[in-house]
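Taking the hints into account, I'd like the entire structure generated from these sequences.
Number of protein chains: 2
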Amino acid sequence: MKKIMALVLMSSSSIVSAQWQALPETAPAPADNPTTTEKVVLGQTLFFDPRLSSTGTVSCNSCHNVMAGGDDNRAVSMGVNGHLGGRSAPTVWNAAFNSTQFWDGRANTLEDQAKGPMTNPIEMGMKNHHAVMDRIKNIKAYKVLFQQAFGDHKMTIDQTVKAIAAYERTLITPNSAFDQYVKGDKTALTSKQQKGMQLFANIGCVSCHSGAAFNGQQDIKIGTPVLMKFPTFENNAYVKQFDLKADKGRETVTGKQADAHMFRIPTLRNIALTAPYFHNGKVSNLHTAVKVMAKTQLNRNLKQQQVDEIVAFLNSLSGDFPKQTMPRLPATENNTLLN
Amino acid sequence: MKKIMALVLMSSSSIVSAQWQALPETAPAPADNPTTTEKVVLGQTLFFDPRLSSTGTVSCNSCHNVMAGGDDNRAVSMGVNGHLGGRSAPTVWNAAFNSTQFWDGRANTLEDQAKGPMTNPIEMGMKNHHAVMDRIKNIKAYKVLFQQAFGDHKMTIDQTVKAIAAYERTLITPNSAFDQYVKGDKTALTSKQQKGMQLFANIGCVSCHSGAAFNGQQDIKIGTPVLMKFPTFENNAYVKQFDLKADKGRETVTGKQADAHMFRIPTLRNIALTAPYFHNGKVSNLHTAVKVMAKTQLNRNLKQQQVDEIVAFLNSLSGDFPKQTMPRLPATENNTLLN
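As you go down the protein sequences, you meet chains A and B in turn. To convert, take the position in the first sequence, counting from 1, and add 748; that gives our numbering. To convert, take the position in the second sequence, counting from 1, and add 748; that gives our numbering.
Hints in this document: simulated from the structure, not taken from any laboratory. Hints may contain errors.
A pair counts as met if it fits within one copy or between any two copies, since identical chains are not told apart.
What the hints assert, rightly or not - Result set (BS3-like, lysine-lysine): computed pairs, CA atoms no more than 27 angstroms apart in a straight line:
| hint | residue 1 | residue 2 |
| --- | --- | --- |
| 1 | Lys943 | Lys888 |
| 2 | Lys1004 | Lys863 |
| 3 | Lys940 | Lys888 |
| 4 | Lys940 | Lys891 |
| 5 | Lys885 | Lys988 |
| 6 | Lys1051 | Lys977 |
As structure tokens, this is what we get:
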């Protein structure tokens, strides 16, 4: 339980000092993977390339759709051959501001995360990373893109995920109504949204959902999971109704009972766009999600008006999505890698 | 057999008058669906929207990937829930120059074609077009896009497919090496490619693959299928090896035995990018495809050098792909339509 304590203490102090913060327009990159234009170009191309999956039908973008809210609006994702995933796809937008990746925080970095789905049999279904790199190496024009991005054409899995992570670090949505408000435009939020914002702070949502990304991970060292038990309070009908105890969360990674039902605190940026909600995607609308959260995490019964106000506030967290040019997927001329 | 005769006569005369033609940079639109920017914007958005499928995982672009050669590089496509299609997805690039759509020409127009996959249980799997429109109507921002495109917000299936078709009419790839050559730049093709071009004409490929799009459909009234029997010559091992008699082609549409194994003549534009080949996608590389075509359609045994030359020529038909901005898929705020 140490982690939870630490979290509560940290966020209590942050309420005083820096409660509301605009989203930064750039994300920090690790020392061994500085963001460059060439890497971003390669990474975007790889992100959209379905040939990184066994069937050639599933790209990173299939479940983390950047033309939308960065997820797939499904309860759980559908991978190769119609296989269903075990958890709801988290958004890739602003994922650069998470201190760890996946619902259970099992990947320290965006780079590590990108390795996972490729070889997951129910996601992209590749046999191993060697098979992934075989595919990529057989697509001639990738050699040039790797050369431009890394100064060589070794074309390794580490380079591949570095490029994907570099692209993902550009996926930031600044300038939401909330951000404009925080920066001084007091007309940017309606009075209903302002009431919701106050409520969000007063009832304690902000204890976990703090910082610019509302994920409690501000200034947390990359690689440190920031987790919370969900559900914390079980004395309510929601637990059964939405099957909230089925998934053991981080316990499935560490095997420790103390990690049972511990999940990474998700960002609330663009939350209005990423229904359905929670790790299992069992709640299809945000009003219900707010009610469930208040009850299971804060043991509070919100009135409908309060729910509406908080939802109105959460809708102010939808930001500007940068215009993107579609990548061209390099061809395997006169041949296919899929069969 | 009348159709085949007509075709041969037509192309013989076209060899004399207008054998080699550059690809037009715009496609004609039907009188009842003039191409407008607003329609193209709506159409592009719909084309990329996976919510037009039952599972929310398959968009038009899934099988007709415009970031690539306009298909999926698979033998047969994979629709919702991992279902496999019966034929290989034709490219959407330059489809505006086809006089009919689908391998068996069963849709007269791009508009008609767009209706098909949505409700095909193994493609996008929607129950009916009413269900498709229910989805679209429940995505608020589409109302604005329809209003801008059509001056009203009736939001009908006909408007939906008109917008998609309008977008598809912009998917043209001019300025290939071949086009530059035809327009007078005699250095645009290598001597090997020029030899292949000559061979392509001399041995008779051009009898079917004529006109700017190499699909025999130049100046053919939209709605008129231009078909050829494949295989025409069955006295070879390829028929069995690549299972060329399994699919009855147009007979499956008309029920007429005379239509057995009749298929629309596919464009050869960007053919190097759209492996595997043929209606069944059984041939994974272009060299083999050329050999098979020569034998089954012209009863010719090509030497390896001749095959190489024709393939080199066919590689000159890869054009310029217009830069595209990614669409933003309008959200269903605070809710999902998928479950």
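Here is what the structure says about each hint:
| no. | hint | in the structure |
| --- | --- | --- |
| 1 | Lys943 x Lys888 | between (56 angstroms within a copy, 25 angstroms between copies) |
| 2 | Lys1004 x Lys863 | within (24 angstroms within a copy, 53 angstroms between copies) |
| 3 | Lys940 x Lys888 | between (55 angstroms within a copy, 21 angstroms between copies) |
| 4 | Lys940 x Lys891 | between (53 angstroms within a copy, 26 angstroms between copies) |
| 5 | Lys885 x Lys988 | neither (49 angstroms within a copy, 33 angstroms between copies) |
| 6 | Lys1051 x Lys977 | within (24 angstroms within a copy, 70 angstroms between copies) |
In this structure, only the earlier hint numbered 5 is contradicted, and the remaining ones agree with it.
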